[in-house]
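Residue numbers (the working numbering), protein chains in the order written: chain A, 378 to 835; chain B, 54 to 569.
Careful, some of the hints might be misleading.
Unchecked claim - Quick partial rundown of chain B residues pointing at chain A, CB under 7 Å, derived from the structure: (1) 138; (2) 142; (3) 180; (4) 380; (5) 458; (6) 523.
To be verified - Computed cross-link-like contacts, PhoX-like style, restricted to lysine-lysine with a CA-CA straight-line distance of at most 20 Å: (7) B:414 / A:762; (8) A:830 / B:414; (9) A:627 / B:565; (10) B:565 / A:830; (11) A:803 / A:663.
Bear in mind the hints are in silico, worked out from the structure with no lab data behind them.
Think of the CB as a built atom: it goes at the ideal place given N, C-alpha and C, for glycine as much as any other residue.
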Amino acid sequence: MEESNIILFFGRFHPLLVHLPIGFLIFTAIIEVTERFSLTNGLKKVVPFSLLLGTLSAIAASILGLMLATSGDYNHEALDDHKWAGIITTLIALIAYLLSLDLTFFKTVKNKLYLIVVVAMIGGLSATGHLGGNLTHGEDYLTHYMPFKKDVVDPLKRPEVTEIAQAQFFGDVVHPIIKAKCFSCHNSSKQKGQLSFESIEMYMKGGKHGSTIVPGNANESELMLRVNLSEDDKLFMPPKGKTPLTDEEKLIIEYWINKGEANYTTNFVTTEPDEDMLGLVSNYLKLEGHASGDMISFSNVANETIEKLREQGFSIRELAAGSFAYDVVLLTGKSDEKSISEKLETLQSIKDNILWLSLENSGLNDAQVGQLSSFSNLRKLNISKNKGLTDSGLKKLTELKNLESLSIYATQADVASIEALSVISKLKNIYVWKTNLDEKEIAAMQHKHKQLKLVSGI
Amino acid sequence: MSGHHHHDHDILRSNVHDFKKIEANIDRRQFLTKTSMGLGAMALGSLMGADKLLANNTKGTVKGPGKPIGDPNANPISGPNGIPGLPHFLPKAKRVVYLFQSGGPSQFETYDYKPKLTDMFGQDLPPSVRKGQRLTSMSASQSSLPIAPSKYKFKQYGESRAWVSELMPHTAKMVDDICFIKSMHTEQINHDPAITFFQTGHQLAGRPSIGAWTSYGLGSDNQNLPTFITLVSKNGGGQPLYSRLWGNGFLPTEHQGVQFRSGKDPVLFLNNPENYDGHDRAEMLAYLKQLNDIQNDAYGDPEIKARIAQYEMAFRMQTSVPEVTDMSDESEETFEMYGKESRDPGTYAANCLMARRLLEKGVKFVQLYQRGWDHHIGLPGNMKRQCEMTDQPTAALLQDLKQRGMLEDTLVIWGGEFGRTAYSQGRLTKEDYGRDHHPRAFTMWMAGAGVKPGMSYGETDDFSYNVIKDPVHVHDFHATLMHLMGVDHERLTYKHQGRRYRLTDVHGHVVKDILS
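Go ahead and model the full structure; you've got the sequences and the hints to work with.
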């Protein structure tokens, strides 16, 4: 049960209530216009009352707005702008109201001032409304479908890379990362902190504190320092509300600065990257062949799907928060109303999202194990302690191209299983303790398939 | 749900006039704090930008399930899968077993081979080596600090050619699965602060232990057993251990380690009392939960939630614990592998076997303790006895995890709270000597999930007195452990007494060189 929060409960009436002052104040302005041009007659005496209602409802809307702001869900800068615009508009409305009362105190200034105040009030109202809309819907909401919109051209844009050897380190790897995460504030039109990433010259120029990138020294580079700060640090980049750089992206940029000497023209491969970096960059460029596995993206899975599977007796853990990659364990000892076959059928719904799977001691047999052959992203599979598994079933697993570790300990696996499974190029470990393979056979298989490690026991 | 909920409360509310009055008081007080006072303060606070001053915008506390709305300062609530936002990245280790060797085992007689000391037998430790290092009061008053070479011989083993003393013949066979860290150092020179530092990241008591942090951050893999279990081996003797070493500190209580007793009955009172068959216990607990929920609604004390969770866990443990502690399904060969003591519940050997069984069942963190490594006098004899007691079961646990395919996602850790001195405390003879506490250099090892196998990391000088290459501080060890579990140690925090704490305080670097 979520805790109740009276502040936020009322705060959420803010979007409703703001329309009252908008209505009253614009209504007042319309009266002033129509009276001035004699389109109407005698409405002038409504003006003070209308301004009073407008002012009071503006005060109420401001208070509710401040309450809503306590949720912390909004971008601080945008919120500040909207907040102060709202408060100023409210004050202007109050001044307009006081002026409209014909108080003797104001008499002398009234005629000159009143018109200005009403115009300012409408201006303030529009600004506040616009800022509020941006806050809720995002900055490009209004202009998104605007006709004849100018395309933002990235002068550094390059044609798509199809092979890692072609990839220019800066243009194809580093700049796209920066563009995705930093460009919205650091471009030639916005230039926050006088920093822009729109051209190589601008990259080299840096921001108002000078150079942000020190070739060969990521630790001295302002850019790296800022993205590596703790996220609640005031200086952390990108600021709150924007998507931070992932660890992988940071590693890539750090590597570019250190090993790539922050060079803007060299090819990535000429920096002689190691396996890990090759994998990271390949993954980033979405190139096959070098995928290190940790970074492939997975399609979203609904919470309800996961909950349903849990009810079936599966323990499901997201391997990294937000990754939609799962570690699934079928808990044994749970009452088995449904056969393993039916359970695996339901598991199909997230089959591409499962990286680690354990069906240890689940009663899995040769007929059912074939159901796993479409779980194409499996890295680690544990089907140990299933006495019903023999060569004929285990051979069906050769489709699992991404498999790195397979535990078939305490099954009926024999030499034929190992022969068949050895075609999986990524497979490193097979646990074969207490199978039908004897010590000699294991040694022979180990000798024949050197890329595999057959782990047995005492 | 909530309508039904309130209905239950009405049933459970007392008819007694006085009680009703008290309830009404609480409600009014809450109403007042939550509304009138709150309104003004919040509005003003927002206007003055106080929300920014007080803001707590760490990753773990951004909006997500389990976080009460509107209180950005609240700690996220840990659910069955830990707190929202964790793990931060793909983990290597699913579980951890930490074989804590309490007392400070000597590195000289185990893994840090120092051949040059043989020729320096009885010579005074050069001041250039000691560099003014403080000594304990036990050896500070000695007239000399005579160098004591190891009485035991060393040999190289495995493909990794790791040096291991003759006291550890079984572990020697597993060196190709082990990553030795010879450059550990700590800040504490006495047992209590040193062991507290190792287990909680701080020398003073009161911080959560490693296992508690893990439980809070990552949750459980088996709802029927505690996430964090502690096994204290019997027959150890020596320095005492205390439950705060596996305590939850300021984290909610359900994250503290559950200690299994070292005896035949690891958890007491699991059986129903005489003349009670337990058929309505679930019902009783359901009512108790309702009562506790009412208290929780009124006061919101997290300890009430913890109590509810603990009652339910205890109920489930009535079935799960007898199952996991009944070793009758272990084969003869298994007992043989762990050594004959493994049949005697509560010994280190039996606990190693128990640890494997718990890990198999999805317990995330098993903290095992062996006492009796504090050898100020009679070190050669005592080391021999301790090693005989622990070497075979330790190696067996590694082998057993390996053959079951579990070593690749289980992190195994071996080590004590500090090392021992190169010089003898008390009289030195070829056959007998003692060693005092030494925090500046000692050896630990890790094996399994995500750690490079067959590796030796870091180096000490010829006296194993100072680290000369790749030092690893206790904070670094914690950071690395967390990293292997998929946790960025800088981002798992808990706000307490106005400050966000973490296991590594404001220190710690992941030792990347030992990661596979």
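Less than 7 Å between beta-carbons is the criterion; does residue 458 of chain B satisfy it with respect to chain A? This hint holds: residue 458 of chain B lies near chain A, its Cβ roughly 3 Å from the closest one there, short of 7 Å.
Would you check the hint for residue 803 of chain A and residue 663 of chain A, treating anything up to 20 Å between C-alpha atoms as holding? holds, 19 Å
Does residue 627 of chain A pair with residue 565 of chain B here, judged by a C-alpha cut-off of 20 Å? holds, 16 Å
Holds or violated: residue 565 of chain B to residue 830 of chain A, with C-alpha atoms at most 20 Å apart: Between residue 565 of chain B and residue 830 of chain A the Cα gap is close to 25 Å, so the pair fails against 20 Å, i.e. violated.
Closest C-beta approach of residue 523 of chain B to chain A relative to 7 Å, hint status: violated, 19 Å
Is the shortest C-beta separation between residue 142 of chain B and chain A less than 7 Å? Given a least distance of 5 Å, the restraint on residue 142 of chain B holds.
Does the nearest C-beta of chain A fall within a distance shorter than 7 Å of the C-beta of residue 138 of chain B? holds, 5 Å
At a threshold of 7 Å, is the proposed contact between residue 380 of chain B and chain A supported by beta-carbon distances? violated, 17 Å
Run the distance test for residue 830 of chain A versus residue 414 of chain B: straight-line Cα separation, threshold 20 Å. Violated. Residue 830 of chain A to residue 414 of chain B sits at ~26 Å, over the 20 Å cutoff.
Interface hint outcome for residue 180 of chain B [beta carbon to chain A under 7 Å]: violated, 36 Å
Residue 414 of chain B and residue 762 of chain A: Cα distance at most 20 Å? Within the cut-off at roughly 14 Å; holds.
Violation of the numbered hints given earlier is confined to hints 3, 4, 6, 8, 10; the remaining hints are satisfied by the structure.
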